[in-house]
Amino acid sequence: MAYRRRKSSSLFANFIKFAGLTAVAVYAVWYGYERFVAFNPEQILEESVLKEKTFASQAQEVISPRHKIKAYLIEDNTNPIISISFLFKNAGLASDDAGKQGISNVVAAMLTEGSGALDSQAFKEKLENLAIGISFDASLDDFSGSLITTSENQEEAYRLLADSLTKPLFAEKDLQRIKEQLYQSFLIQKEHPNSILNLEFAKYLYENHPYGRNPLGSREAIARLTGADLNEFLQTHLALNNLVIGVAGNIDAQKLGPVLDKIFGSLPQNAGINFVRNPEVNFSRGGKNINLPAAAGQNISAFATPGVARTHKDFYPLYIANHILGGAGLSSRLSKAAREDKGLTYGIYSYLGLADKSPLIRGGFSSTKENYDKVVSILKEEWNKFGREGATKQEAEDAKNYLVSSYNLRFASVADLSAILLYMQKDNLGLDFLQKRNEYIKNVSIEDINNAARRYFTTENMISVNVGQF
Amino acid sequence: MTAIRKICAVLLFLNLCIGSAEAGLFGAKSFVLENGLQVIVIPNHKAPIIKQMLWYKAGSADEESGRGGTAHLLEHLMFRGTDKVKGSRLNDLLEQNGAESNAFTSLDYTAYHQSLDISKLELAMALEADRMQNLKITPKDFELERDIVFQERKQVVENNPAAPFSESYRRLLWQEHPYGRPVSGTSEEIKSLKIEDVQNFYQKYYSPANAILVLSGDIDESTAKNLAEKYYGKIKPQATVSETKFPKINEALRATLKMDLPQINAERLVRTYIAPSYNTDKEAIYNLSVLSKYLGEGETSELYKSLVLDRKLALSISSDYDFASRSHGRFSISALPAKGVDPADLNKAIDEELAKAVNSLNIDKINKTKNKMLAGLVYLLDNPFEAAEIAGRMAAVGMSIEDIENHADNIKNVTYQNVKKAANKLFSSSARIDGILIPKGEK
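Heads up: the protein sequence lines correspond to chains C and A, in order. Numbering-wise (my numbering), the first sequence opens with residue 1 and increments by one. Numbering-wise (my numbering), the second sequence opens with residue 1 and increments by one.
Simulated from the structure, these hints should not be mistaken for laboratory data. A virtual CB, placed ideally from N, CA and C, is assigned to each residue, including glycine. Please note: incorrect hints may appear among the correct ones.
Said to hold, decoys possible - Within a straight-line C-alpha distance of at most 27 Å, the following computed BS3-like cross-link-like pairs (lysine-lysine) qualify: (1) K420(A) x K126(C); (2) K190(C) x K191(A); (3) K191(A) x K336(C).
Stated by the list, open to error - If you want the ones that stay clear, here's a sample from chain C, every Cβ over 12 Å from chain A, calculated: (4) E61; (5) V62; (6) A131; (7) F433.
What the hints assert, rightly or not - Which stretches of chain A does chain C cover? Using the computed rule of at least three CB atoms under 8 Å from a CB of chain C, they are: (8) 213-226; (9) 283-297.
All chains, full assembly: derive it from the sequences and hints.
Structural data, given as structure tokens:
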């Protein structure tokens, strides 16, 4: 017994020893594999010599001395460049007079066609010689503009921008040329199926509401426009009380104050803009197919369901939820299901559309005629499943990590910075938004995300337009 | 605003980009690792972000005839996993770490890139280095991605109603030269691709000595050197790639392609000359860059003034010169005819105005043009992502870092006599195709 016991204990001891040695060996191999062979992202990031930094620039508010014009500023002296972004709230396409649809577009084009003593050619020569960029644009909601200049030529740049806003020439021959170019744009706009889809989807969503208009305006209305109309537009639409300004680059607060007076000081105090009511979208209408016999390749689809405004309490949870479902490029659920796993489409995505008066969750995809029905059913299945079940913890963590880590990418150029400052004000996000934004994302819980998913992701409210062959 | 103006703005910007610098265009540094990988570093400390781009000097022009789409399909498969980083893990890791990651294939090169926070750069470098050597292509992934690139061609190329025109136009212009083939491959070619096609392409062209790493952002040269060495330095060098031989161009080629197509509502006119590139005639490219700016880049250019403003024959006109190619370059003029103007008449008028503009060249005009090209140098130092793309593209076709950095000086040294000579040679003795696209049923 003793022997046996001894034997067995010795066997046992040997076994332990052997097992221990094996364990050590296995561990060593495993460790070596993990350490030196396997791909170990955590370790790479932990040992990275380049550490995390916060984007140091602080936004500040500047008020001009004379006219009390407000701007947000980020001073950045890396390069001798200054960027000014500005917009006039509610002065965009949707508020164009019904009989003058397209006027905001025409004004945007005409403001760089000469001002003060400079005719169109002289004005453009000057911009090019001094490397000054001035441009204007009319979106659905707002009328916006931007200036980029080198520090060296800034004084001339401010003068040219002030003149283009307040002393534009609106010469008849230039107006005629811009009109002819726009007529051509109306033709080209109806060529590409994507462009046709955008036009048709806006019409289907918004019907007679101004959001349903052609973004170029109306050809007939544009044909009737005169220089006097354009001047009237300036007086009624571009004013101090609907102006928002963001500035970034090689300029400090003290210098900026008087510059704001100089550029914007002669604008009228108050704008008189048509009120645009909120559209009432009938989301229960489902889809509409538009046959395009000449379409050579694909069926394309645009869809939408109700969303929330930028300042709504559900914005961040919904933003993260949408990222998981359709916002994350190839890693989104929609992409994985329809593209990565099945190869049915080149692209499927969703995003939050934040038009002032009609926040939506929007999306789109394309596929050959043969795959189309399959993609539609994957879209519906994934969309509703996400609404029912929400995201996993891991998905929520991954999405938040992406949104936090990628935030600094928005600060690549001074023009990006000045534009962000503009939208911080338009959406009332606060002067400390850049410092707080990542906290807003981090503080969203999985419950918040899944509540938002439940509330907003259902195809019952999905409306779509599809262009191709059906 | 209108499409026309947006296109002009883009052209202006590109011109600005390619034409500027004083103490170097980007302040870029370049060095080569022992295995042959060239590394270009562009420090920019404005924000804690960086763009990594890995450019392979191989694109669709290197495909074997009939195997169109190989380079592009391989680009897609580079996202489908390696021996170490399986399946979609690369996408997932980059996504979790806030990277914007993508790739593109062109005639001459294929590039992979990630924009990301500086603290995540090493992860992107490790992943990029891994897929340079360890790519694993499974038959299942191959078939899925072949379906996806087929869908991509349908969506991006064939859904564009002008695509049949542009593809025929390129074929006619380049004849047997691979620049005449679509980067995507034709639909038939895509369907006939085999897993061996992409595997062979990968084996042949994806190696350190055939690639350029660009790091542009919040990093200094010595850190970049250490990291490049750490992640890419261990990759084994491969036998040097034999350079693709491009066929000769028939300089006597002159023809017009006229097509009417459904879904087209507005007439277009284009002409392209096969022109010198950095690799065929380095001296000529600076003269032709200035010529293009002078003739048709922007709304103060000669052709815009004469044909849009004075004679009102066109609604827009622009020229475009591309010297950054491994084989020949090209010089194009495109225009939208004004209402009621026959594109053929506009084409004749372009001939007249080209001749006038070239004949009237003098010191004063050339200096004005050069000043416009050189005025905005400093903007190139602003955005690290754009700098990576511009510098990388030039380097990928073989431009030395000195030539990239000294581009502005080379523009400064251009004389009006040389521009005139270059113009006369280009317009009289280069292969040239004119193209007219009109709505279906129009004559």
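Going down the list of hints, with the structure as the test:
{"no.": "1", "hint": "K420(A) x K126(C)", "in the structure": "holds, 26 Å"}
{"no.": "2", "hint": "K190(C) x K191(A)", "in the structure": "violated, 31 Å"}
{"no.": "3", "hint": "K191(A) x K336(C)", "in the structure": "holds, 22 Å"}
{"no.": "4", "hint": "E61", "in the structure": "holds, 22 Å"}
{"no.": "5", "hint": "V62", "in the structure": "holds, 21 Å"}
{"no.": "6", "hint": "A131", "in the structure": "violated, 3 Å"}
{"no.": "7", "hint": "F433", "in the structure": "holds, 16 Å"}
{"no.": "8", "hint": "213-226", "in the structure": "holds (count 4)"}
{"no.": "9", "hint": "283-297", "in the structure": "violated (count 0)"}
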